[in-house]
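Chemist: Full structure from sequences and hints, please.
Top to bottom, those sequences are chains S, L and A. Count the first sequence with the numbering used here and you get residues 787 to 1422, in order. Count the second sequence with the numbering used here and you get residues 9 to 107, in order. Count the third sequence with the numbering used here and you get residues 381 to 685, in order.
These are calculated hints, taken from the structure and not from any lab test. Just to be clear, a hint being listed does not mean it is correct.
What the hints assert, rightly or not - Distance condition first, Cα-Cα at most 25 Å in a straight line; then the derived PhoX-like pairs of lysine-lysine:
1) A:Lys411 <-> L:Lys92
2) S:Lys1384 <-> S:Lys1254
3) S:Lys1240 <-> S:Lys1172
4) L:Lys92 <-> A:Lys555
5) A:Lys474 <-> A:Lys411
6) S:Lys1172 <-> S:Lys1241
7) A:Lys566 <-> A:Lys555
8) A:Lys575 <-> A:Lys555
9) S:Lys1392 <-> A:Lys474
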Amino acid sequence: MVSLLEIVIPVEATGLFSYSWLMIAIPMLVSAILLLGGKATDSWGHWLGVLGVLGSLAVALALWITMLGLPVAERAVHVSGFDWVSVGNLNLQAGLLVDQLSILFALLVTGVGSLIFIYSVGYMAHDPNRRLFFAFLNLFIVAMLVLVLADNYLLLFLGWEGVGLASYLLIGFWQGRHSAALAAKKAFVVNRVGDLGLLTAMFTMVGLFGSVNFTDVNQAVGSASTTWLTALGLFLLLAACGKSAQVPLQSWLLDAMEGPTPVSALIHAATMVTAGVYLVVRSHSIYELTAAASLAVCIVGVVTLLAGAWIGSTKDDIKKVLAGSTMSQIGYMMLAAGIGPAGGAFAIFHLFTHGFFKANLFLGAGSVMHAMNDDTDMRHFGALRKVMPWTFVTFGISYLAIIGIPPLAGFYSKDHIVVAAWEQGWYFGLLATLGAGITAFYMTRLMMMTFFGKKRWAEGVHPHESPKILLFPLIVLSIGAIVLGVVLNNAIQYWLAPPTGGHPHSAAWWDIPWQGWVTLLVVLVGVGIGYLMYRGEISYEQPHTINPIVYIGRNDLLADQFNDVVFVRGGGAAAAAVATLDDVIVDGSVRSAGSLAKGIGGALSKLESGYARSYGLTMVIGAIAVGVVLILGRLA
Amino acid sequence: MSPNAYLVLSAILFSIGVLGFLIRRNVLIIFMSVELMLNAANLAMVAFSYANGNLLGQVGAFFVMVVAAAEVVIGLAIIMIIFKTRRSASVDDQNQLKH
Amino acid sequence: MIPLITGQVVAFWIFAPLSVAGAVGMVVSRKPVHSAISLAGMMVALACLYASLDAPFLFVAQIIVYTGAIMMLFLFTMMIVGVDSTDSLIETIKGQRVAASIFGFVLAVLLILAVGNGVVTGRGGLDVANAGGNVQGLASITFGPYVFAFLLTAALLMVAAVAAIVLAHGEPLGKRETQAERARRKTMEFAEQGKDPGPLPGPGVYARHNSIEYPALLPDGSISEESVSPTLAVRGVAVVENDGLRAAYRAAVTEFIEVQDENTGSDDAPRVADELADPGAIAETYVEQISIEVAGSDSDPAKEQ
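Modeler: Take a look at the structure:
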């Protein structure tokens, strides 16, 4: 397999590409103005925030169009920055890598970001800290762009930590709520575990290759031993698990729904949580050489796609259903990324389409919440399709997209992954298909409970259609959810072939393999079950359950309990043991050295009686000793 | 006569001075013991002078006398001060050197 | 031919035991004064040994400097710090006496061995060196090659003398009054209180002692507090022994009255004796009379001093 690797050496930036840094600099400047300007910017800060991301989008679009006009070999562009770290043999330059993969990500981040920003202007209209919200959102855009545009793992890590910080700030944006503060802290702490993986991976790279630059690493992986590459792959997988909420580090994502809904849409659905997939795809040259690590990625993906679907099927909170769904869809992406060169492009394809329809679903949920006085319990909804027609239509489009009804976007992107999974192994294919069925079930459940059936509204709630500023992004995103699949179906394979090392094979959009038909059948069954189960009466209160499947799903697969028992208490016990060890052995040796010196000093201080005559005697003894030595020396 | 006898006498006197320095507690007697040791050394120097046939040893003894006179003056003044503040002539009462 | 027994040998065997005896006596005497006397004797013996070694100048210098000056300084100091103090025989430091004896002995053996190891052969003698006179010989060395060292010892002695004064001098209790200030104060006191601006009475006047710590007696036999330096009074050394000090005065008055009784036939003696026993009553009755009479009398009340 080694010889199959095609290393892409980026060309140095010229012309417009020299200004790639503007993509990052514009939102950074905006963020700085909003943070430093304080309350003076309250009245117009949100529009400045929107302008920031729009500026970034404009640069990204210009670069993309320029790139379209270039021959394939020149599409990967390296933008030199400055000497960043220079320690011993490690000389690291901070620079940007603008290639097909990163520009796609930049377009997703700034494009979907722009729509969500516009949505936020309306959604956060009554929040006194709206200006601060936009400052944090711009900060997130900056960090996310640094993450995807970095030309080395260390700069990527800077962005990685930056989006973690932005995520922390935005989950805890309403920090007055105890649950929000706790959720922010939890997200931060769990992400640290993943960061440990990325750090260890970087240390390993420095040790193995002497560099953390993507190009250097790609060129050097061929010479490394498979054992080390497997370790490297697992470290990177740990990092990806932390950021992308994959099992076993998934527990933070559901709590992260405490943040404002646009945050959930942008960070915890469309962009940041997919950074793990980006990392794995970006490191594909490592995974191609280590079957074990690739298999681990596939397993993590499959387990997570089922776990997310399980959680999504049991929750009554609309945002948590969508969060479970996000986990599940990212599981698909991880599965595709783990499959190898064939899957990398499909992972990004699904990531891209998912960014649109999942953002649409979240924003639609936000619109519903807006109408229902910020209630998120689906048991209090029902029959909203008539009062919120626009929301219903756009939400319905994205619903059809996510469950994979042709010819909408989700069908194509998911179909490719399922096909690739079948080719990887029938068990993966079977589980992926099953996951698609469960997705259809819980999304149908969500639709039924929210938009159909009878009114179960709380007293004093009078739902109404959202204002135009909220509807506009919904419409744009739903259009994306409709057309992206057909448009990108083939193009994205060819576009992403160089950075992912894939071998595209063309297929018309109506040419659907047998796995696609099977999956569609399973999806229809899922829809049918969902319809049958939730067409009738739905109780206002969540019914008590002893069904273990439902119970475990409602409690986030008992992840918190597991973490508490294994890591919190286990870690506490380990820390106590280490503390005892430290106290007895390390401190003990130091203390006994101290007491030894003290004892010697105490014994010697007895000689120091304070009596001049004793000192005189000592002096005489010394004189005698010197004399004896002299005489003996003379005699010898 | 060989000066050896004088030198042995000098050693004996010096050792007696050391003994007095070590076992007496009255600061004045201790000081006298020091003077005794100085005198023993002077005797040795004069004896060496005699043995070597030049006067340098005597000159040395003379300088020792002068310095001893200065030393006695200062030493006794210090003893006076200590006595004024502590009302005691015993060196065992002067044990502030203790840790 | 060298005589077997020379004057030097005789002198050595006389004075060496004496010097050792003096040294041992110095160490073992319980009274400091005895120690000092023993040391002085040892130093004289040592001076004689110097003489036997052809060192006449040092012989004289030893006696003058050590026996005369240094030992006197020791004795003066001893007077101040307590001539009576004797060492207790109980050794306070455990094992000190035994250890000191052992190591003193070892040191002596070591020194004798060292001397034995460095035996000086040959007779030596200073006949040649002392040919021009011992003092002249020493002077030619001292003021020749060693003149600078000699000058330094002169400086050393000067510094030592000044240092001794500084060290032994007591701290003043108050601010020193200048002459001008004193004159102004005395004039002011005379103007306001009628106090005598003249000098205060000297201490010890008419008293049984003329020591500085004894107050003067006024003509009526009472004590003049002013005659003793306030510094001494503060330090508590002034003697205020009123009755003892007045004894001479009382005797003089009693004798005077008896003589007067004999001459005039009166019988005042018992009454005056009673009144003299009461210190307060004396002045008013007899001072004037006695002082007048004393002026013309041969009898001197202070004679008994």
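Chemist: For the pair supplied as a hint, Lys474 of chain A and Lys411 of chain A, confirm whether the alpha-carbon distance does not exceed 25 Å.
Modeler: At roughly 23 Å apart (the allowed maximum being 25 Å), Lys411 of chain A and Lys474 of chain A satisfy the hint.
Chemist: Has the given pair, Lys566 of chain A with Lys555 of chain A, been kept, meaning a C-alpha gap of at most 25 Å?
Modeler: OK: Lys566 of chain A and Lys555 of chain A at ~17 Å, within 25 Å.
Chemist: For the pair we were handed, Lys92 of chain L and Lys555 of chain A, check the Cα-Cα distance against 25 Å.
Modeler: 22 Å, holds
Chemist: For a C-alpha distance cap of 25 Å, please report whether Lys1384 of chain S and Lys1254 of chain S respect it.
Modeler: 81 Å, violated
Chemist: Within a Cα-Cα threshold of 25 Å, do Lys1240 of chain S and Lys1172 of chain S meet the stated pairing?
Modeler: 11 Å, holds
Chemist: Quick one, are Lys1172 of chain S and Lys1241 of chain S close enough, alpha carbons at most 25 Å?
Modeler: 11 Å, holds
Chemist: Is Lys411 of chain A close enough to Lys92 of chain L, meaning Cα to Cα at most 25 Å?
Modeler: Roughly 21 Å between the alpha carbons, so the hint for Lys411 of chain A and Lys92 of chain L holds.
Chemist: Assess, step by step, whether the Cα of Lys1392 of chain S is no farther than 25 Å from the Cα of Lys474 of chain A, and give holds or violated.
Modeler: 13 Å, holds
Chemist: Tell me if the straight-line CA distance from Lys575 of chain A to Lys555 of chain A falls inside 25 Å.
Modeler: 23 Å, holds
Going through the hint list in order, the structure does not satisfy hint 2, though it satisfies all others.
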